[in-house]
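Colleague: Numbers in my numbering are just positions in the sequence shown, counted from 1, shifted up by 13.
In case anyone wonders, no lab produced these hints; they're calculated from the structure. Glycine is no exception: its CB is placed at the ideal position from the N, C-alpha and C atoms. Some hints could be false.
Unchecked claim - Pairwise CB distance ranges (calculated):
hint, residue 1, residue 2, range
1, Ser114, Ser350, 46 to 54 Å
2, Leu368, Arg318, 22 to 30 Å
3, Lys460, Ser438, 20 to 28 Å
4, Gln448, Thr498, 51 to 59 Å
5, Ser333, Thr81, 51 to 59 Å
Stated by the list, open to error - Result set (DSSO-like, lysine-lysine): computed pairs, CA atoms no more than 30 Å apart in a straight line:
hint, residue 1, residue 2
6, Lys526, Lys502
7, Lys324, Lys205
8, Lys526, Lys429
9, Lys245, Lys269
10, Lys207, Lys188
11, Lys215, Lys205
12, Lys251, Lys184
13, Lys545, Lys307
14, Lys502, Lys530
15, Lys194, Lys215
16, Lys509, Lys429
17, Lys545, Lys429
18, Lys215, Lys188
19, Lys184, Lys215
20, Lys429, Lys530
21, Lys194, Lys335
22, Lys180, Lys212
23, Lys460, Lys429
24, Lys307, Lys429
25, Lys374, Lys324
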Amino acid sequence: METDVTEELLLVEEELQDVQEQIKVLLDRQEFLYKKQCELKAILEDCKEHDNAANDSISVEAQDWSGTFEWDSQAEDIRFNIFGISSYRANQRQIINAVMSGRDVLVIMAAGGGKSLCYQLPAILRDGITLIISPLLSLIQDQVMGLMALGIPAYMLTSTTSKDDEKFIYKALEKGDGDLKMLYVTPEKISKSKRFMSKLEKCHNAGRLALISVDEAHCCSQWGHDFRPDYKNLGILKIQFPRIPLIALTATATYKVQIDLMEMLHIPKCVKFISTVNRPNLFYKVQEKSSVGKVVIEQIAEYIRSSYCNKESGIIYCFSRKECEQVSKELREHGISADYYHADMDAVAREKVHLRWSNSKLQVIVGTVAFGMGINKPDVRFVIHHSISKSMETYYQESGRAGRDGLPSECVLYYKPSDVPRQSSMVFYENSGLQNLYDIVRYCQSKRNCRRHAFFRHFGEQLQDCNGMCDNCAYGAELVEIDATYHAKVIVSLLKEMQNCEQRATMLRLVDKLKMKMKELGASSKAIPDLKKEQLEQLIIHLLLDHVLEKTPISEIS
Numbered sequence: 014m015e016t017d018v019t020e021e022l023l024l025v026e027e028e029l030q031d032v033q034e035q036i037k038v039l040l041d042r043q044e045f046l047y048k049k050q051c052e053l054k055a056i057l058e059d060c061k062e063h064d065n066a067a068n069d070s071i072s073v074e075a076q077d078w079s080g081t082f083e084w085d086s087q088a089e090d091i092r093f094n095i096f097g098i099s100s101y102r103a104n105q106r107q108i109i110n111a112v113m114s115g116r117d118v119l120v121i122m123a124a125g126g127g128k129s130l131c132y133q134l135p136a137i138l139r140d141g142i143t144l145i146i147s148p149l150l151s152l153i154q155d156q157v158m159g160l161m162a163l164g165i166p167a168y169m170l171t172s173t174t175s176k177d178d179e180k181f182i183y184k185a186l187e188k189g190d191g192d193l194k195m196l197y198v199t200p201e202k203i204s205k206s207k208r209f210m211s212k213l214e215k216c217h218n219a220g221r222l223a224l225i226s227v228d229e230a231h232c233c234s235q236w237g238h239d240f241r242p243d244y245k246n247l248g249i250l251k252i253q254f255p256r257i258p259l260i261a262l263t264a265t266a267t268y269k270v271q272i273d274l275m276e277m278l279h280i281p282k283c284v285k286f287i288s289t290v291n292r293p294n295l296f297y298k299v300q301e302k303s304s305v306g307k308v309v310i311e312q313i314a315e316y317i318r319s320s321y322c323n324k325e326s327g328i329i330y331c332f333s334r335k336e337c338e339q340v341s342k343e344l345r346e347h348g349i350s351a352d353y354y355h356a357d358m359d360a361v362a363r364e365k366v367h368l369r370w371s372n373s374k375l376q377v378i379v380g381t382v383a384f385g386m387g388i389n390k391p392d393v394r395f396v397i398h399h400s401i402s403k404s405m406e407t408y409y410q411e412s413g414r415a416g417r418d419g420l421p422s423e424c425v426l427y428y429k430p431s432d433v434p435r436q437s438s439m440v441f442y443e444n445s446g447l448q449n450l451y452d453i454v455r456y457c458q459s460k461r462n463c464r465r466h467a468f469f470r471h472f473g474e475q476l477q478d479c480n481g482m483c484d485n486c487a488y489g490a491e492l493v494e495i496d497a498t499y500h501a502k503v504i505v506s507l508l509k510e511m512q513n514c515e516q517r518a519t520m521l522r523l524v525d526k527l528k529m530k531m532k533e534l535g536a537s538s539k540a541i542p543d544l545k546k547e548q549l550e551q552l553i554i555h556l557l558l559d560h561v562l563e564k565t566p567i568s569e570i571s
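My request is simple: use the sequences and hints to build the entire structure.
Modeller: Now the structure itself:
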């Protein structure tokens with residue numbers, strides 16, 4: 014009897030192994046076909062552009078944007094004497110020339126690549142007012158502060174704008190009174206304020222609207238990682254002001270997102286400038302995260318004290334607002350100068366924290382995603398993620414706050430498998446939410462593959478050398494492989510039991526049941542490894558990534 018059961022078990026294990034190999038082959042094939050689909054769509058789009066160009070007075074392909082233009086001398090004077098920038102970065106000059114030529118432009122440029130100059134310099138060159146749509150108050154405040162410090166008349170029209178400034182802005186839009194070159198607003202102002210749109214129309218009819226800039230343009234697309242419903246309505250700008258050039262900018266946009274936002278913003282014939290996602294000065298690292306909260310803070314505090322004893326600036330991203338407050342409090346108890354920033358705070362308090370950190374009077378700012386997008390502080394030496402991000406795009410954006418001055422900086426992500434279900438419950442109903450999350454989970458779980466190559470593959474870019482600028486390439490830790498086939502089989506069996514009993518299957522509950530079951534089966538007395546809690550959690554995540562298990566809306570694991 015025992016021999017028969019053993020033989021059947023071996024057959025089941027062999028079949029399970031075959032199925033897992035087939036799943037891997039199919040997933041690889043799926044990835045290949047998706048990339049091929051993107052390539053073919055890109056070729057088709059190029060063909061369409063070539064056909065459309067025949068009807069245009071200026072062909073995109075025929076135009077050399079790096080050539081000589083009448084505004085070159087004035088642009089260089091503004092770049093050097095106002096912005097204090099000695100030379101253009103990659104694509105900046107070409108983008109500025111396309112905007113100045115009156116073309117609609119789509120810019121995909123890595124964080125720290127200098128996107129802001131691409132619309133701020135033309136805003137000064139062109140006669141009239143430039144409207145800039147930006148998603149976050151912290152970003153707007155940062156930009157306006159920086160421009161005002163340079164003597165450029167920039168204002169923001171948000172919920173925090175004083176009555177006097179609001180009166181001045183509306184008067185400048187309607188009658189041209191006062192000195193106003195750049196006006197920052199949130200997308201909500203476009204979609205919900207009839208008064209603002211009325212004043213903007215009067216500004217346009219009087220010939221004073223010079224340029225429209227849509228920053229963080231990936232928010233337009235439902236396929237983007239930070240979709241904002243009010244961004245959907247920004248297409249009205251090109252409908253109402255068709256002859257005003259529009260520049261859309263983002264650090265991250267897959268091909269699918271590019272097509273989506275071009276359609277939504279009504280800029281089908283825009284000139285596209287796509288730069289590499291590579292940030293060679295950033296060192297990427299994934300750190301194993303303790304299940305004990307206080308231990309994690311101790312590790313982070315020790316890392317900051319030992320690596321940045323000269324009080325270099327850093328950002329720590331947290332999953333929730335409550336965590337932000339708790340983490341900043343505990344860091345202060347460890348002697349780290351830290352404060353928190355999130356959307357629930359009073360606007361004045363947020364601005365105060367932001368200013369202290371911008372002026373290096375505060376070493377660490379602990380924030381949610383509400384802080385950091387587009388922040389222009391160049392000397393951020395480290396970005397720490399206390400918890401996993403919801404996608405590769407989000408992580409790339411947030412970690413990209415580091416090293417904008419081009420100097421070596423670090424991006425550290427603290428990861429534990431039990432953080433995944435918490436994040437998955439937040440993204441479950443988003444378009445491709447789980448798929449996007451699982452991409453960043455694969456990034457975290459990998460102990461062999463280059464971190465930087467994961468970004469290249471995700472954004473469909475040709476692989477480049479990492480040059481030892483990630484933990485996997487730099488350290489190459491020796492790995493021990495564990496055969497967890499038996500454990501996987503028990504997990505599937507347990508889940509079936511729980512489903513039959515209509516029990517909710519959370520990771521915590523499943524791990525507890527699995528440990529009890531393995532103890533009952535006497536796993537340690539056989540040639541089957543006795544796995545720790547963290548290893549069992551990791552195994553469950555692997556089974557989710559390999560589609561052996563599936564996340565459902567009513568349970569964390571099914």
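Colleague: State for each hint whether it applies.
Modeller: Each hint, compared with the structure:
1. A C-beta distance of roughly 47 Å is found between Ser114 and Ser350, which places it inside the suggested range of 46 to 54 Å.
2. Here the CB-CB span from Leu368 to Arg318 is close to 25 Å, well matched to the stated 22 to 30 Å.
3. Taking 20 to 28 Å as the suggested C-beta distance range, the pair Lys460 and Ser438 conforms, at roughly 26 Å.
4. Restraint check, Gln448 to Thr498: a C-beta distance of roughly 26 Å breaks the suggested window 51 to 59 Å.
5. Range check, Ser333 to Thr81: about 53 Å between beta-carbon atoms, so the 51 to 59 Å window is met.
6. For the suggested pair Lys526 and Lys502, the alpha carbons sit about 13 Å apart, so the restraint of at most 30 Å is met.
7. A C-alpha spacing of about 43 Å is found between Lys324 and Lys205, which places the hinted pair above 30 Å, so the restraint is violated.
8. Note on Lys526 and Lys429: the hinted pairing holds, with a Cα-Cα distance of about 20 Å set against a maximum of 30 Å.
9. Under the criterion of a C-alpha separation no larger than 30 Å, the hint pairing Lys245 with Lys269 is consistent with the structure, at around 16 Å.
10. Restraint check for Lys207 and Lys188: the C-alpha separation of about 18 Å stays at or below 30 Å, so the hint holds.
11. Between Lys215 and Lys205 the CA atoms are separated by roughly 17 Å; this keeps the pair inside 30 Å, and the hint holds.
12. Note on Lys251 and Lys184: the hinted pairing holds, with a Cα-Cα distance of about 23 Å set against a maximum of 30 Å.
13. For the proposed pair Lys545 and Lys307, the alpha carbon gap of about 21 Å is at most 30 Å, so the pair holds.
14. In summary, the hint linking Lys502 to Lys530 is supported, as the alpha carbons are separated by about 12 Å, within the 30 Å threshold.
15. At roughly 16 Å between alpha-carbon atoms, Lys194 and Lys215 fall within 30 Å of each other, so this suggested pair holds.
16. At most 30 Å may separate the alpha-carbon atoms for a hinted pair to count; Lys509 and Lys429 meet this at roughly 26 Å.
17. Of the pairs offered as hints, the one joining Lys545 and Lys429 holds, with about 13 Å between alpha carbons and a cut-off of 30 Å not exceeded.
18. Between Lys215 and Lys188, the direct Cα distance comes to roughly 8 Å. Compliance with the 30 Å bound is thereby established for this hinted pair.
19. Restraint check for Lys184 and Lys215: the C-alpha separation of about 11 Å stays at or below 30 Å, so the hint holds.
20. A distance of roughly 23 Å separates the Cα atoms of Lys429 and Lys530; the hinted pair therefore holds under the 30 Å criterion.
21. For the hint pairing Lys194 with Lys335, the CA-to-CA distance comes to about 39 Å; that exceeds 30 Å, so the pair is violated.
22. Of the supplied pair hints, the one linking Lys180 and Lys212 holds, its CA atoms being roughly 12 Å apart against a limit of 30 Å.
23. Using a Cα cut-off of 30 Å, the hinted pair Lys460 and Lys429 holds, with the two alpha carbons roughly 14 Å apart.
24. For the given pair, Lys307 sits about 15 Å from Lys429 by alpha-carbon distance, which is consistent with the 30 Å threshold.
25. Distance hint between Lys374 and Lys324 is fulfilled; the C-alpha atoms sit about 9 Å from each other, no more than 30 Å.
Consistency with the previously given hints fails for numbers 4, 7 and 21, ordered from lowest to highest.
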